[in-house]
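Heads up: the sequence lines are chains A and B, in that order.
To convert, note that position 160 of the first sequence is 160 in the numbering used here; the numbers rise steadily by one, no gaps.
With the second sequence counted from 1, adding 1000 to any position gets you the numbering used here.
FYI, nobody ran anything at the bench for these hints, they're computed from the structure.
Check each hint, because a few of them may be wrong.
[Claimed, not checked] Calculated pairs, DSBU-like style, for lysine-lysine (alpha carbon to alpha carbon, straight line, at most 30 Å):
id: 1; chain 1: B; residue 1: 1007; chain 2: A; residue 2: 10
id: 2; chain 1: B; residue 1: 1150; chain 2: A; residue 2: 94
id: 3; chain 1: B; residue 1: 1290; chain 2: A; residue 2: 70
id: 4; chain 1: A; residue 1: 94; chain 2: B; residue 2: 1163
id: 5; chain 1: B; residue 1: 1200; chain 2: A; residue 2: 94
id: 6; chain 1: A; residue 1: 204; chain 2: A; residue 2: 70
[To be verified] These stretches of chain A come out as covered by chain B in the derived footprint (C-beta under 8 Å, 3 or more residues):
id: 7; region: 85-95
id: 8; region: 191-204
By construction, the Cβ of each residue, glycine as well, lies at the ideal position given by its N, Cα and C atoms.
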Amino acid sequence: MVEFRSVTKKYSNGTMALNNISVNINKGEFAFIVGQSGSGKSTMLKLILKEEDPTSGEVFVNGYNVSALKRKEIPYLRRSLGAVFQDFRLLPNKTVYENVAFAMQITEAYPKEIRRQVPMSLALVGLSKKANVYPGQLSGGEQQRVALARALVNNPALLIADEPTGNLDPDTSWEIMKLLSEVNCRGTTVIVATHEKGIVDSMKKRVIAIEKGSIVRDQEKGQYGDEVKYNQVYN
Amino acid sequence: MKLNTTKYIIKEGIINTYRNALMSLASVGVVTASMIILGLFLVITINLTYNTDNLKEQPQMMVFCEPELDDKQVMVVEQTIRNDSRVKTHVYVSKKEAFEKTKDMLGNDKDVIEGLSESFMPVSFIIELNNLADAQSVVEAFKEIPGVGKVKYSQKTIDMLLKVATWVQVGNAVLIFILLVISMFIISNTIKLTVFARRKEINIMKYIGATDWFIRWPFVVEGVIIGLVGAVLGFVAISIGYGAFSSRFKEGIEIINFVNLRALQFEVIYTFLLVGIVVGALGSTISIRKYLRV
Chain A
1 MVEFRSVTKK YSNGTMALNN ISVNINKGEF AFIVGQSGSG KSTMLKLILK
51 EEDPTSGEVF VNGYNVSALK RKEIPYLRRS LGAVFQDFRL LPNKTVYENV
101 AFAMQITEAY PKEIRRQVPM SLALVGLSKK ANVYPGQLSG GEQQRVALAR
151 ALVNNPALLI ADEPTGNLDP DTSWEIMKLL SEVNCRGTTV IVATHEKGIV
201 DSMKKRVIAI EKGSIVRDQE KGQYGDEVKY NQVYN
Chain B
1001 MKLNTTKYII KEGIINTYRN ALMSLASVGV VTASMIILGL FLVITINLTY
1051 NTDNLKEQPQ MMVFCEPELD DKQVMVVEQT IRNDSRVKTH VYVSKKEAFE
1101 KTKDMLGNDK DVIEGLSESF MPVSFIIELN NLADAQSVVE AFKEIPGVGK
1151 VKYSQKTIDM LLKVATWVQV GNAVLIFILL VISMFIISNT IKLTVFARRK
1201 EINIMKYIGA TDWFIRWPFV VEGVIIGLVG AVLGFVAISI GYGAFSSRFK
1251 EGIEIINFVN LRALQFEVIY TFLLVGIVVG ALGSTISIRK YLRV
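Isolated chain B (complex conformation):
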């Protein structure tokens, strides 16, 4: 395609959008609305991924020694754990680290342990297993090690949460897909009105020997412009809405932490622009097909 033709096509697409301002605005409105809903799902999915990733990083199994054990006895316990073939890795958490962690966890309420020394904290080991199926038997075995006070295993709860999260994500993906298909058809329908209003022009172009693509491209440009403007507006709406929402719940709700808007921005805008372009282009291509048969 020659440069002049490309120029012509882009110019024509812009002029057409502008000449059918009202219709274009209607289409932009539809795209924006779809994009806002899409953005909602997207933000939920991203947050869910972020939060479940956090969950995954949490220790699976913790072995707490009795606080009064001395270093030598702790080493014996560590030796036993290390020698267990079912254990993949183990991390030593000292009394001091445990104390700091507790302080962190208490946050504003840390004066509760003010004045206490770290000596009352137990030494603990964070354990990762080779095979989660062994979990139950490992818990039983480690409980029997002399000097071990408690074995905490939270994997079941985490597993369940992860499972639920996965299903929610799958559900979201399906909903997003359906939504995209629906908005594509809405856009194609809106552009169909534009195409219909200009079917005479298309017909004339065919008569004087314009190729299908020569006729189609300006409409595709028009669709892409509509899709892009809708995407940008939708993005602005979502980022303002999400910004307000996440700053209101800065501390998160219960165990959920909200992803920072800045971090989200790029993922969302890329998705929006891409979806805007694809949906606009496909929508216009679908709607013009019928009128090219002359």
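Here chain A stands alone, though its shape is the one from the complex:
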């Protein structure tokens, strides 16, 4: 589903964000990418979205060779996956319904289909009642759920989330993570970059830990960080 092959990313200011990493995330997996700020986890997601191009190496997403993709083809790559961001990225001038519908409009979907899919997607995240509200009138957690509904409305095979709970309080964070987990149960591959230690630890999913641009750990049913050793010793 997502594959990094010896990917190195060096920004023009000299920062080495990723140093020769190779990783493969399979269809239907739920993977956390963890690491401190500046470790390179956001860069990985940027490479998946082709917001940035790798300095060397190749990235494959949903069958696209992302690194070789032409500028004109980028929109189609992005339509094939859903993305959720820390800052929600909702259109402030559109209602909740319109925001979700918009992701379908850009794919030139039929209105009939839009009218069917959007309420379904909103129901999935539990926001059916807020369809006609503007994002500004919603709480952070609700906004993130709208973003999630938008990311899922086109039934993408892959969902990526960049610090989806970064702006949310712990309880709301949990709700979002549960939703992501549900989405994964329905067959969607989910990749979440985060540094929510508590959540990562208790969800027992695959954890890919990055440090200074290199993958330092890749564990099935892993935990966030150094406590792994601690836990192994004392539990």
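Please arrange chain B on chain A, whose structure you already have, making use of the hints.
Using the frame of chain A, we list chain B on its own:
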């Protein structure tokens, strides 16, 4: 492009214009101002073309016979003119026609020749030459024909006027072009403010997979709406202003006659609408370019 997408784009363009009402109004103001200046130049150019065309239609050379010549003698003169190979066409103007023309020309003062008969008017010929370069020698030759009183040749003055008019027109065209480029950049700058205010939206659209044109079109629609509204307002202002001006100088100034507003209307409105659309569309396309690179 699907019909639904087209509908969406037009609707979005209209909504955007409306949502950024203040900014749109500012842009409309700029377009209107540019259009008024453009209209001014346009009206001047059209009037100039109209007036110089009038000049061109005026006879180049006139040969006047002595008034006391009889028909036979006039025919001899005509024969000589006809046989001259340098003459392309000649038109016979009878005494009567000349008299009527003079009366027309005098207008309200025609009582000056009241009571006179046409017999004192000379028979004349309006002559068109094959080659204007021969003018001087033809004038000399025709003066020598017995019975010819006067040969009038006004081409030089007309030529000079036409030359001046041509230069003024060229100058106008250049000014109009410069003005259009300037107003396009002003509009693009104004729309740039709109685009800048919405750069986050554009960014989000890019992230969820909108194509460049899908993002661009509503802005183009917005630009066209602004351009069109500005064009219409500019047209209204120009037609009111020109109407007032030309009705004040109904009789024209000196030798200049003003073109009727009705006749002008279509040329001006077509130009305005076209310019409004093109300038608006180009302006918005220019201003959005930078923000599509995500």
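Consistency of the hints with the structure:
1. Pair hint residue 1007 of chain B plus residue 10 of chain A does not hold up; C-alpha atoms about 44 Å apart against a cutoff of 30 Å.
2. The suggested pairing of residue 1150 of chain B with residue 94 of chain A is violated, with an alpha-carbon distance near 84 Å, which exceeds 30 Å.
3. A C-alpha spacing of about 18 Å is found between residue 1290 of chain B and residue 70 of chain A, which places the hinted pair at or below 30 Å, so the restraint holds.
4. For the hint linking residue 94 of chain A to residue 1163 of chain B, the alpha-carbon distance of about 61 Å lies beyond 30 Å, and the restraint is violated.
5. For the hint linking residue 1200 of chain B to residue 94 of chain A, the alpha-carbon distance of about 13 Å falls within 30 Å, and the restraint holds.
6. A hinted pair counts as satisfied when its Cα atoms are at most 30 Å apart, and residue 204 of chain A with residue 70 of chain A does not qualify at roughly 38 Å.
7. Counting residues of the region 85-95 of chain A whose CB falls under 8 Å from any CB of chain B gives 6; the rule of at least 3 is met.
8. Counting residues of the region 191-204 of chain A whose C-beta lies closer than 8 Å to any C-beta of chain B gives 0; at least three are required, and the coverage claim is violated.
Comparing the model with each numbered hint stated earlier shows that hints 1, 2, 4, 6 and 8 do not hold.
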